Amino acid sequence: MSTRQPILRAEDLHVWFDLPGDSELHAVQGVSFELRPGERMGLVGESGCGKTTTILALMGLLPASASVAGRVHLEGEDILAKGEESVSPHRWKDIAMVFQGAMNAFNPVKTIGSQIAEPMELHGTATGRAARAQVRELLELVGISGERAERYPHEFSGGMRQRAAIALALACEPHVLLADEPTTALDVMVQAQILELLVRLTRDLGLAMILVTHDLPVVAQVCDRAAVMYAGEIVEMGQMTTIYHDPRHPYTRMLFAATPDLLGDEDVLSIPGAPPRLDHEIVGCPFTPRCDSAFAPCPTAHPRRLEVAPGHEALCHLNDHLVAERPA
Amino acid sequence: MSAERDTLLEVDGLVTRYRVPRGVLGAIARRPKETVHAVEGVSFTIATGQMVALVGESGCGKTSTAQTVARMVDSEGGAIRFRGREITQLSARSLRPLRREIQMIYQDPYESLDPRFTVRDTIEEPLLVHRIARGKEEREQKVREALVRAGLSPPELFIDRYPHELSGGQRQRVAIAASLVLDPKLLVADEPVSMLDVSVRAGILALLDGLRKEGMGILMITHDLSTAAHFADRIAVMYLGRIVEEGPAREVVRNPQHPYTRALITVVPKRDPREQTTPQILTGETPNPIRVPPGCRFHPRCPIAEPQCSEVDPSLQRPRDAATPDHRAACIITAPGPSADEVGPDGDGAPHG
Ligand SMILES: Nc1ncnc2c1ncn2[C@@H]1O[C@H](COP(=O)(O)OP(=O)(O)OP(=O)(O)O)[C@@H](O)[C@H]1O
Ligand SMILES: [Mg+2]
Chain L
2 MSTRQPILRA
12 EDLHVWFDLP
22 GDSELHAVQG
32 VSFELRPGER
42 MGLVGESGCG
52 KTTTILALMG
62 LLPASASVAG
72 RVHLEGEDIL
82 AKGEESVSPH
92 RWKDIAMVFQ
102 GAMNAFNPVK
112 TIGSQIAEPM
122 ELHGTATGRA
132 ARAQVRELLE
142 LVGISGERAE
152 RYPHEFSGGM
162 RQRAAIALAL
172 ACEPHVLLAD
182 EPTTALDVMV
192 QAQILELLVR
202 LTRDLGLAMI
212 LVTHDLPVVA
222 QVCDRAAVMY
232 AGEIVEMGQM
242 TTIYHDPRHP
252 YTRMLFAATP
262 DLLGDEDVLS
272 IPGAPPRLDH
282 EIVGCPFTPR
292 CDSAFAPCPT
302 AHPRRLEVAP
312 GHEALCHLND
322 HLVAERPA
Chain P
11 MSAERDTLLE
21 VDGLVTRYRV
31 PRGVLGAIAR
41 RPKETVHAVE
51 GVSFTIATGQ
61 MVALVGESGC
71 GKTSTAQTVA
81 RMVDSEGGAI
91 RFRGREITQL
101 SARSLRPLRR
111 EIQMIYQDPY
121 ESLDPRFTVR
131 DTIEEPLLVH
141 RIARGKEERE
151 QKVREALVRA
161 GLSPPELFID
171 RYPHELSGGQ
181 RQRVAIAASL
191 VLDPKLLVAD
201 EPVSMLDVSV
211 RAGILALLDG
221 LRKEGMGILM
231 ITHDLSTAAH
241 FADRIAVMYL
251 GRIVEEGPAR
261 EVVRNPQHPY
271 TRALITVVPK
281 RDPREQTTPQ
291 ILTGETPNPI
301 RVPPGCRFHP
311 RCPIAEPQCS
321 EVDPSLQRPR
331 DAATPDHRAA
341 CIITAPGPSA
351 DEVGPDGDGA
361 PHG
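From first to last, the protein sequence lines are chains L and P. Count the first sequence with this note's numbering and you get residues 2 to 329, in order. Count the second sequence with this note's numbering and you get residues 11 to 363, in order.
Just to be clear, a hint being listed does not mean it is correct.
[As the list claims (entries may be wrong)] Here are some of the chain L residues that sit facing chain P, going by a computed Cβ distance under 8 Å:
#: 1; residue: Phe-34
#: 2; residue: Leu-62
#: 3; residue: Gln-194
#: 4; residue: His-215
#: 5; residue: Ala-259
#: 6; residue: Leu-270
#: 7; residue: Ile-283
#: 8; residue: Val-284
What the hints contain is simulated information worked out from the structure, not anything from laboratory work. Being a predicted model, the structure only gives us computed values, none of them experimental. Don't be surprised by glycine CBs; every beta carbon is placed ideally from N, CA and C.
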């Protein structure tokens with residue numbers, strides 16, 4: 002799998018939001034990653050760290066108050082280069098997303114089937130009878146009987162609506178699926194059903210997926226790789242097993258330690274403090290005030306992004322041999 | 011494990027039902043209302059210094075159980091005894107002193123605090139309502155003590171703030187402080203951390219754990235088995251209005267005896283990517299508590315059901331493979347015994363608590 006060319010590559014992606022007054026909020030601060038066909042990557046981090054903003058930027062769906070910089074290559078083409086003009090031919094057809102809270106965003110007065118057919122008709126991938134047939138196929142694909150296309154959202158359970166939201170994202174047969182917290186509001190058994198579905202879709206359709214969640218164990222179960230975000234940056238990225246067993250950023254280690262494990266015995270430890278405000282310039286490493294391993298350079302120097310092992314990178318002075326003063 | 015501890019709360023065969031209209035057409039046809047069987051014969055005890063977690067999926071009746079215990083919803087059957095006193099039928103008036111001793115903590119710290127109230131106002135309010143402290147100074151003293159107990163110290167850093175000037179975790183601490191100021195004996199915490207970020211959850215749970223060690227009884231409602239396994243002394247797993255398994259927290263997650271609990275345990279994602287078990291995914295979703303299946307209510311989704319499971323409604327019994335005497339499950343296959351029709355859902359004189 003790793004020999005294949007990346008299907009999606011983000012390079013030095015930045016997003017700023019204009020705030021009332023003359024200030025701005027730097028929500029995404031230089032995010033870079035690659036995603037290969039069939040790969041499942043988790044994007045994790047605390048609320049407000051920029052997960053949703055990152056994937057909205059990939060889709061070209063940020064509000065007008067946002068400005069974006071950087072490059073997003075989708076199957077080799079830079080879809081950010083000319084703004085809306087370059088991204089719109091690919092949106093939904095090549096790259097699609099399941100929005101945070103999508104299962105509650107269906108229009109209550111339209112049938113589920115007609116809402117899934119909308120993007121097909123809009124993008125001309127199918128119309129009329131063909132579209133209706135495809136809707137039924139899609140519903141079956143996500144585990145809903147095709148006959149239920151004529152039903153309304155309120156006749157679906159939460160889990161079924163989430164399946165329908167996934168079907169909607171798949172309507173124009175994209176190659177990349179961005180799923181924003183697809184199981185957050187669901188019960189654990191229904192969550193298991195949805196995660197199984199997502200894994201099956203990546204396997205059977207060769208779909209590449211970014212799974213956005215604040216729930217590390219979900220990523221541990223489903224994803225090959227993970228990117229941990231903090232204050233708008235990816236602070237660590239690598240194979241899921243490596244990140245768990247050999248984290249190279251204190252935030253990753255502390256995030257795991259804050260997460261209770263069903264069968265684990267260790268104490269669960271909260272991370273003191275809160276993430277920094279993103280509407281002020283951050284000096285040094287943004288995690289310093291909360292970090293249990295901060296040392297001399299941390300408050301003043303921003304760490305370099307280093308590849309600590311092949312395919313494993315981290316943004317922490319502890320890994321940097323050029324940083325002279327080391328902690329005791 | 012709590013032989014010398016005092017029993018604080020005894021819940022015995024609790025039943026809570028809601029009547030719901032049959033929809034517009036039903037109302038026009040004047041069809042009778044339907045009954046939601048939210049809680050159908052639930053029994054458990056909580057001792058001082060003990061945390062009991064009620065876990066289960068949405069709609070299983072855990073919140074209804076909590077609200078009935080806190081006397082916010084009326085029961086239709088069964089008994090609730092608090093510190094040895096029957097409280098099931100108390101009138102609104104005689105409930106007042108009880109409201110001090112049993113305090114609720116809610117899921118959403120954003121909703122449970124009034125945005126126009128400062129932290130001081132929020133915590134002072136229950137003192138005024140219950141006419142506790144005499145005079146302004148004593149109240150101020152109690153407010154500050156409650157803040158410190160809830161982990162917001164020094165109090166002067168927080169006391170004049172409004173909710174929007176606090177983080178989610180701090181808001182939940184203020185809500186907890188507003189309960190602690192009344193010096194309750196029992197806390198009923200309904201999903202106290204599910205709206206909070208992982209990084210701050212542990213702090214709130216450690217706070218509750220500390221209160222428990224000081225002798226507080228805590229009933230924690232959660233859908234998160236990992237949290238229950240870590241912080242509770244005992245876990246009761248609910249399914250469709252019944253406790254289907256109950257025992258020491260460790261035993262319930264490491265040696266689950268009810269097929270529903272067993273399935274749940276396999277689908278809880280583990281932190282270690284290498285430790286993932288093959289999830290045993292049950293199809294469908296929990297049926298609607300209006301039409302509860304006959305016999306064992308879990309049988310239509312049960313992977314080990316036998317024909318008699320659709321007829322016999324199991325009572326909580328000691329499972330054959332249980333490692334401790336105080337572990338019970340409602341399953342005629344793993345824990346054979348008389349049916350609930352004969353001895354009631356909570357079995358026959360079995361130990362609980
Ligand atoms: N339209 C907007 N205008 C201004 N600021 C915004 C806007 N959308 C997001 N932000 C800010 O950008 C930052 C990143 O937000 P984002 O929604 O991407 O976080 P997230 O990681 O998805 O969080 P969550 O886990 O809560 O969904 C936050 O500080 C947020 O307040
Ligand atoms: Mg988000």
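Verification of the supplied hints:
The beta carbon of Phe-34 of chain L comes no nearer than 19 Å to any beta carbon in chain P, farther than 8 Å, and the hint placing it at the interface is violated. A distance limit of 8 Å between C-beta atoms decides the matter here; for Leu-62 of chain L the minimum to chain P is near 25 Å, and the interface restraint is violated. At about 6 Å, the closest approach between the beta carbon of Gln-194 of chain L and any beta carbon in chain P falls short of 8 Å, and the interface hint on this residue holds. This hint holds: His-215 of chain L has a C-beta 6 Å from the nearest C-beta of chain P, less than the 8 Å allowed.
Proximity of Ala-259 of chain L to chain P holds as hinted, the smallest CB-CB distance being about 5 Å (cut-off 8 Å). Taken as an interface hint, Leu-270 of chain L checks out: its beta carbon lies about 6 Å from the nearest beta carbon of chain P, inside 8 Å. Of the supplied interface hints, the one on Ile-283 of chain L is violated, with its beta-carbon coming no nearer than about 18 Å to a beta-carbon of chain P, more than 8 Å. This hint is violated: Val-284 of chain L has a C-beta 22 Å from the nearest C-beta of chain P, more than the 8 Å allowed.
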